[in-house]
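Q: Sequence:
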Amino acid sequence: MAELLRLILKTTLDHFSIPWGVQEYYVSIYKLSRVCKRWSELLDATPELWIHLSPYMPEYLIKMAILKSRDLPVTISGEVDDDDPLDLLLGQMHRCKRIGLTSAFTHTSLSRIMACSAPLLERLVLNNRFLGDEQPRIFFNDFAPNLQYVSIWDARFQWTSPALSELLELDLGAISGDVLDTTAILKLLSRSPRLTALRLQQMSVPLSPPPRPHVALGQLQSLELGRLSPGALEQLIKYISIPHSTECVFRVLLEPETVIDEQLEPLGQRLVQMAGNDPHSHMLQEKEAGNDPPDIKLLFCGDNSRQGSFELKIDIIPRRRASVFEYFARKLAQGFSDPSHAPIITIIGYDYLSHPDSQSCFLQRLRDILPGIKNIRIEESSYASVARAMDILYPIKHPFQLFSNLSMVTVRYSKHDKWVEEWSRHGRKGERRVPLRLQTLTLEGGQIGAEWLQRLEGLAQHVVLSDVRVMA
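Residue numbers 530 to 1001, in my numbering, belong to the letters of the sequence shown in order.
Derived by calculation from the structure, the hints in this document are not laboratory data.
There's no promise every hint is true.
What the hints assert, rightly or not - No more than 30 Å apart at the CA atoms, straight line, and that leaves these computed lysine-lysine pairs for DSSO-like:
hint	residue 1	residue 2
1	LYS944	LYS903
2	LYS716	LYS842
3	LYS560	LYS626
4	LYS903	LYS826
5	LYS560	LYS597
6	LYS944	LYS842
7	LYS597	LYS566
8	LYS767	LYS716
9	LYS826	LYS947
10	LYS842	LYS903
11	LYS626	LYS597
12	LYS592	LYS560
13	LYS767	LYS592
14	LYS842	LYS826
15	LYS826	LYS767
16	LYS592	LYS566
17	LYS767	LYS842
18	LYS626	LYS592
19	LYS903	LYS947
20	LYS716	LYS626
What the hints assert, rightly or not - Ranges between beta-carbon positions, derived for each pair:
hint	residue 1	residue 2	range
21	GLU776	ASP996	25 to 35 Å
22	GLU695	SER733	25 to 35 Å
23	MET593	ASP844	44 to 54 Å
24	ASP600	LYS716	33 to 43 Å
25	LYS592	PRO795	47 to 57 Å
26	HIS773	PRO735	24 to 34 Å
27	SER694	HIS773	45 to 55 Å
28	ARG563	SER995	48 to 58 Å
29	SER733	GLU776	21 to 31 Å
30	SER680	GLY747	50 to 60 Å
31	GLY747	GLY620	35 to 45 Å
32	GLU794	GLN687	50 to 60 Å
No experiment lies behind these values; they were computed from the predicted model shown.
No residue lacks a Cβ here, since even glycine has one placed at the ideal position from N, Cα and C.
Please construct the entire structure, taking both the sequences and the accompanying hints into account.
A: Next up, the structure:
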């Protein structure tokens, strides 16, 4: 019975967000202890409930938690301040398993914490510029043999410390380039060949001569590189060897005068390798939500379970979006050993690919690059753009279709009547479209009138409705 009650109490307390809810966490323990003597004794006798320490806990509460947690590993988290009872926390570094600290100011307190050995430390999260302009000379006394996860944003360190070795996950952001260039990053990565996740964001990283040979990260599952200084992302991609199964996310800023092929070539080569590894691949283009004008977003993924994904977000002026899309379409085509292989193309935000008077040219160029396309999806586009795209794919009263192998088209829209009616208006008055060489036309979401649905059923062999409401 006692074990069941202990489990119930622990589960009740587990919903608190540590570190930000640490004080509320202990307030709840206090309230639970007031229910009855039995509960109070049980809480006191459950050391795993007292392992959370924080710099902004009252000194008496820190002492109580240290005593009641006994010899269990503890976590230290919260916001650091020079006025905090730091000596109490320093005395627990020998059994600290997790650290998550932040500060909005320059303090010496954190430097004292970082000077301690941390034999049990597994996870380190540090945020904001709390170490000032001087780098600490030591990093956990160069002894943190169990450290596996490191997330450091806007801070300065001796990146050559042996403690930053044999990591499994590394997340760095807003690190100034005067302490970390591309060579230093690659050397840092070379000391952790078993990395499974790597994230580098918002860093001004100077270019420097890369090491030889390349850095091999054969177990990397997730890679995210974004908003790095010009050339840094490209150099890192070029000199880091990762598996085909790695999930990749990149963020690039393309200036108006940038030569697309030059800046994107390392990314393009990555896509060539992935396409060659899985012919049943997908390539998507979509707008970046919340931006006006929206960024371009490309996503490549495959059906092969051993195949990773490739996601690229590009800040770029509107008139160059189609060129970027075409560049990666060429790379996909280059990766396919069999010309009959082609990806499913999903066009999201078709309005944003180019200006309305040139969208036909974009689809025609796409046909020249990937003629074997069999499946196209159109999503989140205006009804006029959907109608325009359908008109280009299947011209009125003409047996010709743009992609000879195209057999499946999917349109996702809220009111299908609008694009079907607009599409029907194209061409001369009174002309009706001939049946399409289309096996399946799928409508997703929204609604459609029965009359317009009947017209579509006369054009495609199969019209499939997915979560679509048919209106009388």
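Q: Now, for every hint given, state plainly whether the structure supports it.
A: The hints, checked one at a time:
1. LYS944 - LYS903: 25 Å, holds
2. LYS716 - LYS842: 27 Å, holds
3. LYS560 - LYS626: Judged against 30 Å, a Cα distance of about 27 Å means the pair holds.
4. LYS903 - LYS826: 22 Å, holds
5. LYS560 - LYS597: 17 Å, holds
6. LYS944 - LYS842: Judged against 30 Å, a Cα distance of about 29 Å means the pair holds.
7. LYS597 - LYS566: 17 Å, holds
8. LYS767 - LYS716: 14 Å, holds
9. LYS826 - LYS947: Given pair LYS826, LYS947 holds - Cα atoms ~27 Å apart, limit 30 Å.
10. LYS842 - LYS903: 26 Å, holds
11. LYS626 - LYS597: With a Cα-Cα distance of about 17 Å, the restraint between LYS626 and LYS597 holds, given a limit of 30 Å.
12. LYS592 - LYS560: Holds, at roughly 19 Å.
13. LYS767 - LYS592: Since the Cα atoms of LYS767 and LYS592 sit roughly 51 Å apart, the hinted pair is violated (cutoff 30 Å).
14. LYS842 - LYS826: 4 Å, holds
15. LYS826 - LYS767: Measuring from Cα to Cα gives roughly 21 Å; hence the hint holds.
16. LYS592 - LYS566: Holds, at roughly 22 Å.
17. LYS767 - LYS842: Roughly 18 Å between the alpha carbons, so the hint for LYS767 and LYS842 holds.
18. LYS626 - LYS592: Holds, at roughly 18 Å.
19. LYS903 - LYS947: Satisfied, since the Cα-Cα distance of roughly 25 Å is no more than 30 Å.
20. LYS716 - LYS626: 26 Å, holds
21. GLU776 - ASP996: 25 to 35 Å: 28 Å, holds
22. GLU695 - SER733: 25 to 35 Å: With Cβ atoms ~28 Å apart, the hint holds.
23. MET593 - ASP844: 44 to 54 Å: 51 Å, holds
24. ASP600 - LYS716: 33 to 43 Å: Check passed, 37 Å falls within 33 to 43 Å.
25. LYS592 - PRO795: 47 to 57 Å: Cβ of LYS592 to Cβ of PRO795: about 55 Å, so the range 47 to 57 Å holds.
26. HIS773 - PRO735: 24 to 34 Å: 30 Å, holds
27. SER694 - HIS773: 45 to 55 Å: 26 Å, violated
28. ARG563 - SER995: 48 to 58 Å: Because 55 Å falls inside the window, the suggested range holds.
29. SER733 - GLU776: 21 to 31 Å: Given about 26 Å between the Cβ atoms, the range holds.
30. SER680 - GLY747: 50 to 60 Å: 22 Å, violated
31. GLY747 - GLY620: 35 to 45 Å: Given range 35 to 45 Å: holds, Cβ gap about 40 Å.
32. GLU794 - GLN687: 50 to 60 Å: Check failed, 34 Å falls outside 50 to 60 Å.
Going down the numbered hints, you'll see the structure goes against 13, 27, 30, 32, while the others check out.
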